[in-house]
Every structure is written in structure tokens, then in C-alpha cells.
Amino acid sequence: MTIASSETAQGIKVNKNQSHVRSSLWRQSFRRLVRNKLAVTGFAVVVIMFLACFIGPFFSPYTDNKINMALMNHAPYAKHWLGTDTLGRDVLTRVLQAGRISLTVGLASMVLSVFIGTLLGIIAGYYRGVVDQLIMRLADLLLTIPSLPLLFIIGALLSEWKVPPDYRMYIVMLMLSIVSWPGLARMIRGQMLSLREREFMQATIVLGLSDRRKLFRHLLPNLVPLIIVIATLNIGGAILSESVLSFFGLGVMPPTPTWGNMIDAANNMIDFQERPWLWLPPGFSIFATVIAINIFGDGLRDVLDPKQKR
Amino acid sequence: MKDLLSIDHLQTFFKTEAGTVRAVDDVSLRIKPGETVCIVGESGSGKSITAMSVMGLIGNAGGKVEGGSIQFQDRDLLKLSRNELRTIRGHEIAMIFQEPMSSLNPVLKIGEQVIEPLMEHLKLSRKAARKRAIELIKQVGISRAEQIIDAYPHELSGGMLQRVMIAMAISCGPKLLIADEPTTALDVTIQAQILDLLRSLKEESGMSILLITHDLGVVAEMADYVAVMYAGKIVEQGEVEAIFANPKHPYTKGLLRSKPIMNQLRDELYSIPGQVPNPLELTESCYFHDRCEQCMAICRTKQPELIPVGDSQQAACWLYEEEKRYA
Numbered sequence: 001m002t003i004a005s006s007e008t009a010q011g012i013k014v015n016k017n018q019s020h021v022r023s024s025l026w027r028q029s030f031r032r033l034v035r036n037k038l039a040v041t042g043f044a045v046v047v048i049m050f051l052a053c054f055i056g057p058f059f060s061p062y063t064d065n066k067i068n069m070a071l072m073n074h075a076p077y078a079k080h081w082l083g084t085d086t087l088g089r090d091v092l093t094r095v096l097q098a099g100r101i102s103l104t105v106g107l108a109s110m111v112l113s114v115f116i117g118t119l120l121g122i123i124a125g126y127y128r129g130v131v132d133q134l135i136m137r138l139a140d141l142l143l144t145i146p147s148l149p150l151l152f153i154i155g156a157l158l159s160e161w162k163v164p165p166d167y168r169m170y171i172v173m174l175m176l177s178i179v180s181w182p183g184l185a186r187m188i189r190g191q192m193l194s195l196r197e198r199e200f201m202q203a204t205i206v207l208g209l210s211d212r213r214k215l216f217r218h219l220l221p222n223l224v225p226l227i228i229v230i231a232t233l234n235i236g237g238a239i240l241s242e243s244v245l246s247f248f249g250l251g252v253m254p255p256t257p258t259w260g261n262m263i264d265a266a267n268n269m270i271d272f273q274e275r276p277w278l279w280l281p282p283g284f285s286i287f288a289t290v291i292a293i294n295i296f297g298d299g300l301r302d303v304l305d306p307k308q309k310r
Numbered sequence: 001m002k003d004l005l006s007i008d009h010l011q012t013f014f015k016t017e018a019g020t021v022r023a024v025d026d027v028s029l030r031i032k033p034g035e036t037v038c039i040v041g042e043s044g045s046g047k048s049i050t051a052m053s054v055m056g057l058i059g060n061a062g063g064k065v066e067g068g069s070i071q072f073q074d075r076d077l078l079k080l081s082r083n084e085l086r087t088i089r090g091h092e093i094a095m096i097f098q099e100p101m102s103s104l105n106p107v108l109k110i111g112e113q114v115i116e117p118l119m120e121h122l123k124l125s126r127k128a129a130r131k132r133a134i135e136l137i138k139q140v141g142i143s144r145a146e147q148i149i150d151a152y153p154h155e156l157s158g159g160m161l162q163r164v165m166i167a168m169a170i171s172c173g174p175k176l177l178i179a180d181e182p183t184t185a186l187d188v189t190i191q192a193q194i195l196d197l198l199r200s201l202k203e204e205s206g207m208s209i210l211l212i213t214h215d216l217g218v219v220a221e222m223a224d225y226v227a228v229m230y231a232g233k234i235v236e237q238g239e240v241e242a243i244f245a246n247p248k249h250p251y252t253k254g255l256l257r258s259k260p261i262m263n264q265l266r267d268e269l270y271s272i273p274g275q276v277p278n279p280l281e282l283t284e285s286c287y288f289h290d291r292c293e294q295c296m297a298i299c300r301t302k303q304p305e306l307i308p309v310g311d312s313q314q315a316a317c318w319l320y321e322e323e324k325r326y327a
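Those protein sequence lines, which keep their order, are chains A and B.
Okay, so the first sequence: first residue is 1 according to this note's numbering, each after it adds one.
Okay, so the second sequence: first residue is 1 according to this note's numbering, each after it adds one.
For the record, the hints were derived by calculation from the structure and aren't laboratory data.
One should not assume that every hint holds.
Unchecked claim - One-sided and incomplete, this derived list gives chain B residues near chain A with beta-carbon spacing under 7 Å:
{"hint": "1", "residue": "R86"}
{"hint": "2", "residue": "G111"}
{"hint": "3", "residue": "E116"}
{"hint": "4", "residue": "E120"}
{"hint": "5", "residue": "L122"}
{"hint": "6", "residue": "L124"}
{"hint": "7", "residue": "S125"}
{"hint": "8", "residue": "I261"}
Stated by the list, open to error - Capping the alpha-carbon separation at 30 Å, the derived lysine-lysine pairs in DSBU-like fashion look like this:
{"hint": "9", "chain 1": "A", "residue 1": "K214", "chain 2": "B", "residue 2": "K2"}
{"hint": "10", "chain 1": "B", "residue 1": "K79", "chain 2": "B", "residue 2": "K64"}
{"hint": "11", "chain 1": "B", "residue 1": "K123", "chain 2": "A", "residue 2": "K214"}
{"hint": "12", "chain 1": "B", "residue 1": "K64", "chain 2": "A", "residue 2": "K79"}
{"hint": "13", "chain 1": "B", "residue 1": "K79", "chain 2": "B", "residue 2": "K127"}
{"hint": "14", "chain 1": "B", "residue 1": "K64", "chain 2": "B", "residue 2": "K15"}
{"hint": "15", "chain 1": "A", "residue 1": "K214", "chain 2": "B", "residue 2": "K259"}
{"hint": "16", "chain 1": "A", "residue 1": "K214", "chain 2": "B", "residue 2": "K109"}
{"hint": "17", "chain 1": "B", "residue 1": "K302", "chain 2": "B", "residue 2": "K127"}
{"hint": "18", "chain 1": "B", "residue 1": "K127", "chain 2": "A", "residue 2": "K214"}
Where a beta carbon is used, it is the ideal one built from N, C-alpha and C, also for glycine.
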């Protein structure tokens with residue numbers, strides 16, 4: 001028994017030495033992420049964008065969006081930093097307010113699609129068989145239809161049915177998550193197929209744990225890094241899709257501003273050539289936000305999911 | 001005494017593209033309450049598959065139990081529903097595996113994993129389960145359980161992890177503990193400690209142990225009763241003293257001869273010639289015949305049955321069948 005105690009003593013010593021690395025998985029990843037300058041820059045841009053859009057408008061005197069005929073299409077000057085639009089509204093304020101909507105739509109549709117995709121992916125990968133077939137064939141079906149035309153059709157139908165503009169924002173969120181869950185579900189399912197064969201899952205069977213415990217307490221935490229990476233990259237995609245839809249007048253409708261429907265100004269030849277302050281700011285916002293999110297997402301991927309490194 | 005577990009004529013087959021592999025073929029085994037039974041055999045002899053059949057893990061591995069019955073306390077484990085089986089697993093029958101490092105979920109703290117069966121089977125609250133988990137971890141010989149419970153598996157050594165696995169296995173007071181080569185992945189000094197631990201836990205709780213191993217040293221130390229498996233069949237079984245003192249089957253004899261003996265100088269360790277037969281090419285014969293030193297004509301054409309040889313021993317070998325016939 002003396003040997004036994006020395007073994008445990010040693011084990012604890014090792015453990016003691018490592019105790020500063022406790023919960024090290026996350027802290028380690030964080031440290032590695034901070035070392036990636038590009039990813040940090042991306043993250044900073046995203047944070048600045050969010051702060052500007054959600055707090056910025058409070059400092060603007062033009063939030064009431066009053067129509068001012070005297071100030072139509074004015075080029076940028078001291079009182080209106082980014083000029084005014086066709087109805088005399090301050091472009092800077094509108095870009096920030098539009099950012100609120102665009103970012104919210106991006107975030108919300110990401111959350112929804114991650115939720116659907118993760119749930120269905122886990123169920124398909126764990127139970128296999130008929131359930132798997134049903135879910136994955138549905139995903140395949142959605143993946144075979146190019147998502148933009150599909151979104152266009154739904155958008156056109158909504159316009160046809162005269163859905164009130166206030167609701168359209170929520171419907172757009174739903175539409176975007178419906179087209180983006182299949183890819184996620186596939187990745188989660190793939191991961192599940194390998195996880196369910198791991199020995200620790202066999203151990204959970206032997207312990208007689210319920211499926212709920214197995215799925216959500218044992219398997220889900222193993223998927224978290226993957227989900228975080230996909231979710232981040234998803235936001236960028238959702239913002240882009242929303243902009244495209246709104247640009248074509250099939251997404252969120254004016255007067256609710258979004259970056260997409262603001263660029264709609266570029267559809268007009270005169271605005272496009274003579275008044276770049278109307279479409280450059282929202283365009284740049286989309287560009288900067290999406291690029292920043294993607295760079296940050298790539299950085300996250302390198303840290304959390306090294307196997308997928310390209 | 002009534003048997004705790006009785007396996008009768010168990011047949012577990014794996015259908016592969018090349019044909020059907022009879023991984024376990026007509027195996028019968030009995031375990032009494034409080035008894036330690038060892039299954040010994042080389043790799044591929046079907047000993048792990050026997051244990052997995054008892055646990056109902058065969059479907060996950062791609063095989064199928066084709067025949068026989070597994071009675072556990074008057075219930076046939078093969079006929080239970082998924083849910084009924086779930087309430088027995090971890091509660092009345094527990095199992096520990098060969099690789100403690102990969103048997104624990106790497107992203108969950110030790111404590112989280114130990115409290116789960118307690119909450120699942122004994123319906124303890126999270127707080128009560130945590131308290132019990134600390135006691136259990138202490139009971140398996142880990143001091144400072146309060147620290148260990150919040151550690152991640154990668155922070156502990158293999159021996160410690162196997163202790164944690166044992167703590168999880170005994171947490172709900174099982175009547176039978178199946179240990180599938182519990183010491184194979186550990187180094188030798190730790191092996192002895194783990195075996196000591198298993199033995200003392202058994203004495204405290206009176207549970208039975210089904211120990212699967214290829215190490216005859218482990219058998220000698222732990223077993224009350226031994227079954228020797230070869231190519232999916234039990235070739236010899238009996239009380240441990242009888243088997244070690246007086247092995248009957250040529251395979252058992254060979255196994256015992258190939259074991260080093262302390263204080264005895266030998267130039268070379270004996271090894272049984274030849275190899276385990278390919279399970280796909282088995283024909284009606286004694287599966288051991290081409291490696292057997294005492295092979296007879298009948299061994300090549302007919303399979304011997306397990307018959308009593310001596311008082312507390314059974315062997316499947318024509319040597320004894322003949323003896324009996326002419327006696």
C-alpha cells in the first residue's frame with residue numbers, strides 16, 4: 001500500500017503543477033488567438049462596427065429621420081458628415097441605423113440556423129437509420145436548390161402576399177436560416193459519426209446514461225469549437241445575403257433602413273455617377289464587416305479546429 | 001448458491017464480406033454471487049466479445065447475438081428492451097475498459113462524469129451526487145478528491161484515470177463488474193495496485209467480477225474460477241487451483257508453459273507453435289489441432305465437447321473423451 005500512496009502523491013503533484021493551466025483549453029486558445037494579429041484586427045473592426053451601430057445613433061441629432069426638402073442630396077459637409085440622401089436625411093445616421101438592422105438580422109439568423117443545424121445534425125448523426133436519412137435528404141434537397149434564387153422566390157411571394165414591412169425583417173431572418181442550416185447540419189453530423197464511435201461514448205452506454213445526457217452533456221461540448229467557428233463565419237454570410245435581398249427590394253423594405261436597401265441608390269445612374277456618398281458608406285460597411293468577420297472566423301478556426309486548417 | 005449470471009450456448013457472429021465470423025460460438029459460463037471469474041485467451045479468442053454480448057454492446061460493434069441466452073437474476077438480457085437494459089447497465093452491471101485515457105470524455109471535468117450515473121440511476125440531486133462522488137473517489141484510493149473532481153482527464157495519469165473509471169463503475173453498487181483487460185494499458189507497478197483495489201472493493205461490497213485478461217499472472221492473483229477461450233470456444237474451465245495445478249487441455253498446458261517462472265533459469269521461453277486459425281476458415285475439427293502436440297486423427301475431423309475431467313474441471317479435448325470411453 002505504500003506504493004499506492006506514493007503513486008497518488010505523484011499524481012497529485014503533477015496535477016498541482018498543472019493547476020495554473022486549469023480550464024486551460026479555453027485560456028490556451030484565447031492566448032493563441034490574441035497572438036494572431038490579423039484575427040485581432042478583424043475582431044476589433046467587428047466590435048467597432050457593433051458599438052458604432054448600436055450606440056452611435058444616440059449621439060446623432062438626426063435620428064428622427066425627418067424629411068428635409070431643402071437639404072436633398074447634399075454632398076458631405078460639416079453638419080452632415082456623409083451628406084444627405086434624396087429625402088434630405090442624414091446618411092451617416094441612416095448607415096448606423098441600417099447597421100443595427102443588418103447586424104441583428106445577421107446575428108439572429110445565425111443563431112437560428114446554428115440551432116436548427118446543430119440539433120438536426122446531432123440527431124441524424126447519433127440515431128442514424130431512418131431519421132438520419134430523412135434529415136439528410138431534406139438537407140440535400142435544400143442544398144441542391146441554389147439559395148439565392150430560392151430566396152428571391154420566397155421574397156417575391158412575400159411581396160405578392162403583401163406582408164407588412166415591419167414583419168419582413170423577421171421573415172428575412174427565418175428565410176436566411178432555412179437556407180443555411182443544411183451545410184452546418186452536415187458538418188455536425190460528420191463530426192458526430194466519428195464521436196459516437198469513440199470509446200468514451202461506449203463508456204456512457206455502459207453507464208446506462210439516457211440519450212438526452214449522452215447527446216447534450218457528452219457530445220455537444222465536444223462540438224462547441226466547431227460550432228463557434230461555423231457560427232462566426234455564418235454571420236458574415238447572412239449579412240451578405242440579407243444585403244443582396246434588400247438590394248433587390250426583396251428583403252427588408254424601406255423605410256426600415258438596411259445596408260442592402262441603401263445601396264439600392266446605386267441602381268439609379270445619376271446617383272451612381274454623381275452622388276457616391278449615397279451608396280459608398282453602406283457598401284463600405286458591408287465590405288468591412290463581412291471581411292472582418294471572415295478574418296476573425298478564420299483565426300478562430302485555426303485556434304479551435306486545427307484539423308480543418310487549410 | 002444461485003447463479004448471478006449464466007451465459008448459455010451464446011453465439012455471437014459478425015457478418016463480413018468474406019463470410020461469417022463466429023467470434024463467440026456456443027459459450028456457456030456461470031458466475032456466482034461474490035465470485036471472480038476470469039476469461040483468458042489470446043487476442044481474437046472472443047473473450048471481449050463475450051463481455052460485450054453481456055453488456056449488449058454487440059449491435060454497436062456491427063455483430064449480432066445469434067443464439068443462446070444470458071440470464072442475469074432471472075432476466076434474459078438478450079430479450080430486454082433498450083430502456084430496461086439501460087436501467088441495468090451502470091446500475092446492476094458495470095464495466096470498465098482497457099484504455100482509461102480514452103474512456104473518459106476529454107472535455108468534461110472528472111466530477112461531472114462521476115456524478116452522472118448517480119443522478120441517472122440513484123436519482124440523487126446534483127449536490128448530493130457531488131458529495132457522493134468525492135467519497136467514491138476517495139474510496140478508490142485517490143486522496144485530495146476535492147481537487148481531482150474539478151480536474152480534466154488529461155491532467156491525470158493513466159492509473160488515476162483507471163481508478164476514476166472504477167469509481168464510476170462501482171458508484172451505483174453493481175452486483176457484477178465486468179473488467180475488460182483493466183490493467184493492460186497501465187505500467188506494471190500500477191497494475192498490481194489496480195488489482196488490489198478491485199479485490200478489496202469486491203470484498204467490501206460482495207459483488208462478482210468477470211475479469212477478462214490475457215495475463216495468467218492476473219488470473220492466478222484474482223480468479224476463483226477460470227475459463228480458457230480459444231477461437232471463440234471455451235476449451236477448458238474450472239477452479240483456479242485445479243487449472244493451474246493440473247491443466248488438462250493441451251492449449252492450457254501450453255499457455256502455462258509459456259509463462260516465465262520466478263527463480264527458474266531457462267534459456268528460452270516456451271511458445272506454442274503456429275498461429276490462431278483464421279476465423280473464416282474454421283471447419284469441423286478441434287480448432288487447436290494443427291498446433292497441438294498430441295493431435296490425433298479424430299481431432300482433424302470432429303469437434304470435441306466440453307466434458308468433466310476431474311472433480312472441478314472441464315475440458316474440450318478428445319484425449320479425455322477417449323479415456324472415458326475405454327474406461
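Hint by hint, here is what the structure shows:
1. R86: Where the cut-off is 7 Å and the nearest Cβ of chain A is about 5 Å from B:R86, the hint holds.
2. G111: Where the cut-off is 7 Å and the nearest Cβ of chain A is about 13 Å from B:G111, the hint is violated.
3. E116: 6 Å, holds
4. E120: Holds, about 6 Å.
5. L122: 11 Å, violated
6. L124: 14 Å, violated
7. S125: 15 Å, violated
8. I261: Status violated, d = 24 Å.
9. A:K214 to B:K2: Violated. A:K214 to B:K2 sits at ~35 Å, over the 30 Å cutoff.
10. B:K79 to B:K64: 13 Å, holds
11. B:K123 to A:K214: 17 Å, holds
12. B:K64 to A:K79: The given pair, whose Cα atoms are some 80 Å apart, is violated under the 30 Å limit.
13. B:K79 to B:K127: 36 Å, violated
14. B:K64 to B:K15: 8 Å, holds
15. A:K214 to B:K259: 43 Å, violated
16. A:K214 to B:K109: Within the cut-off at roughly 15 Å; holds.
17. B:K302 to B:K127: 61 Å, violated
18. B:K127 to A:K214: 20 Å, holds
Against the hints set out earlier in the document, violations occur for numbers 2, 5, 6, 7, 8, 9, 12, 13, 15, 17.
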